[in-house]
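Trainee: Taken in order, these protein sequences are the chains called A and B. Numbered according to this note's numbering, the first sequence spans residues 564 to 1017. Numbered according to this note's numbering, the second sequence spans residues 564 to 1017.
Warning: the hint list may mix true and false statements.
The list cannot tell twin chains apart, which means a pair is met if one copy fits it or any two copies do.
As the list claims (entries may be wrong) - Lysine-lysine pairs mimicking DSS-like chemistry, simulated, CA-CA at most 27 Å apart:
(1) LYS812 with LYS566
(2) LYS655 with LYS689
(3) LYS812 with LYS640
(4) LYS917 with LYS602
(5) LYS655 with LYS690
(6) LYS690 with LYS566
(7) LYS933 with LYS922
(8) LYS640 with LYS655
(9) LYS969 with LYS566
(10) LYS640 with LYS971
(11) LYS963 with LYS922
Don't read these hints as lab results, they were simulated from the structure.
Protein chains: 2
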Amino acid sequence: MDKQKRFFLTENEIPTRWYNIVADMKNKPLPMLNPKTKKPITLDEMTVIFNRACSEQELNTTDAWIEIPEEVRELYKNYRSTPLVRAYGLEKALDTPAHIYFKNESVSPIGSHKLNSALAQAYYCKKEGVTNITTETGAGQWGTALSYAAKAFGLELAVYMVKVSYHQKPYRRSIMQTFGAQVIASPSMSTRAGKDILTVNPNYQGSLGTAISEAVELATQTPNCKYVLGSVLNHVTLHQTVIGLEAEKQMEMAGEYPDVVIGCFGGGSNFGGISFPFMRHNLLEGKNIEFLAAEPASCPKLTRGIFQYDFGDEAGYTPMMPMFTLGHDFQPAHIHAGGLRYHGAGTIVSQLLKDGLMKGVDIPQLESFKAATLFAQTEGIIPAPESAHAIATAIREANKAKEEGKQKNILFCLSGHGLIDMTAYDQYNAGDLTNYELPDEVIKANVDKLEKLI
Amino acid sequence: MDKQKRFFLTENEIPTRWYNIVADMKNKPLPMLNPKTKKPITLDEMTVIFNRACSEQELNTTDAWIEIPEEVRELYKNYRSTPLVRAYGLEKALDTPAHIYFKNESVSPIGSHKLNSALAQAYYCKKEGVTNITTETGAGQWGTALSYAAKAFGLELAVYMVKVSYHQKPYRRSIMQTFGAQVIASPSMSTRAGKDILTVNPNYQGSLGTAISEAVELATQTPNCKYVLGSVLNHVTLHQTVIGLEAEKQMEMAGEYPDVVIGCFGGGSNFGGISFPFMRHNLLEGKNIEFLAAEPASCPKLTRGIFQYDFGDEAGYTPMMPMFTLGHDFQPAHIHAGGLRYHGAGTIVSQLLKDGLMKGVDIPQLESFKAATLFAQTEGIIPAPESAHAIATAIREANKAKEEGKQKNILFCLSGHGLIDMTAYDQYNAGDLTNYELPDEVIKANVDKLEKLI
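Produce the complete structure using the sequences and hints provided.
Mentor: Here it is, written out as structure tokens:
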């Protein structure tokens, strides 16, 4: 009974500032560009779509620490600190000398880390007099988080949900509606972008690209309305650093320090959230912590993509971003980790990867579900299919430690639970899931199309 | 920022003993009877079906404190203490002078309080050399908890899941399977009881009574196999007292003490779990805390049932128990709070109710969902339809405090989350749910049939 399993911070110890890693990077990320002028995006251009505070954060390359507004911290207290957990059950099953820790973001009321940024963005919108916000959602984790955040700050929210998800994930839709959000299956007849598609193809089941177009269009054409995004951008990752900042204090409570830090990787906000506060010590103090971003083998922008200016969305409405990318019209296989099916990496992570400060790891779908099942059976928590990629990477590291006979401290972020993704587990249990091979030619054909700005 | 919202215990402060209220009751519950002999059930009779340790706990009327085995406490540490939360958001929305606290059992990895007893029962079975266990499950909360507990202690588990739920709640089935349990739709061809029903009525969609019969039959006919139950019985409620024991320490941390303690009521284990540790002070020190058991208006055994010996199951296989009951073949309306659709109350609660030491409150279905939605929007957590009855009762008490202009401390148990029950919310949001009127004549006709032993 002397082994402590879970570590919490008191409410007074919850971080009061987010960490902006850009300020400490020797090589700053290249700027986002206006696709028309090919010049760096300005603050004024950003605020057409986003609120001002987040736009400023997005472009801030000098301040390492950004104050978390008191109103946001007050709502963080509803679920933060999230526990840091020593995974004794998993360690035992692996018979590894490694110590495995995970930061459990799945205990957030909406079931994932997404709330950390949703609350911040909703707060800033409210403070600037915005009354309505819009967003898109694929699998629904982000839309769920923003629905609660919008309600908490008294904002009206319209969520464009990819039509195929709208029908396949009715629970997510229903949670958003219970929090009071308008949820519209995209493409819809409520926007020009949606109408244009539906008149040509009435049965089109939607894509994230189309949903973004609809959400942005509604935001720009509605008074007092801003658009809000759930990953990829710098300010979203900034808000997620509360994860790693807490984890660092909690690792201290555990009397240990991570040798390797792992996060699954879609747009980068959960990976950056757990990693950047630790990476700070590599940048400033020459520490030698290893950072692993776990992506699906079927969507391997970090391990097999190229570094290139590209659009953030399929349709090409966003600024051009310097990113590791598979090309903005890359169509990832229909794996269950919907949150990782994104063609590119955010600008910060892309620069860090380029500079060798972190590594990508690609995990085949079957390995991710095998890891998830072992984790469920040993730790009692059904992980989200996305988080399963981080677990699989942690297991690889723990097995490596065993082979090498080395003690090693492994920390990963459990970004969410999978209770609403059980159809995926059903298919895995029934042997109906597969890996997806991705030939080099497919990637090459996709990225060769990209316009070369650098 | 000075208002603390959530209160946790350190792992050293997690209770080491459960509280057995029977030892402190002046009027002990009447004994369970063997239906054939009409004599009190003996320990040997109980151990035919249940493990010995739980059978002893079931019949223990003298020891107020029962040691929690170290192995069980070790697994409690995976999720306990659960937070005690001050519901500032709900208080503000109600504009009430009352202070509302809830004990959040929904953060257990399987999403409800059920794990507290599942881990204990699986442990005792393992310790006694049992290799296989069986149980039944309706909505699936109990089956989910036991599936993880069985895996944690290396037991094989067969769960008979009511067929209609098996098909309507595939996520629950899938979670059980991911934890490694065998899940069988009941009625099935795997037992005599199931075969007998299916040969007569091949399309029968099952009932809890049939599922119990199948689980008990399999347990008695399998070597080293015991049957395990998730509510109603004394030893199950005993294990749940860890909830109230923690809550009492946490209320102390908050510097307050509850004036009223509320739990939703199905078989009684969650209500007893939160209440009994506080009720102890009424029994021993003449305190005057109020205890409210929140039941559905459509299944009102506490408020409209009679106190009578009755069977625990529909088919009449169990011992006869002295209980407030609507009759063992009472067919509750198909409300979404499946865990509260049970005809009787456990023997302890029945005696306490008879002696005026607690009260029943009946909540119509629409009021429960209205309360649940307000709670979701103000506290960010989607409650289970069962727990919504406790929330509705807490809201009634908070409104009463407002009318009377009195400060009052309200504590309720949030027994589980509703993330896997979103179809219920969908129907509520669409205006498709109704209340169910239950005429006196229906209840009278049902209970008049009961054999009068007392």
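Trainee: Are there hints from earlier that the structure breaks, and if so, what are their numbers?
Mentor: Per hint list: zero violations.
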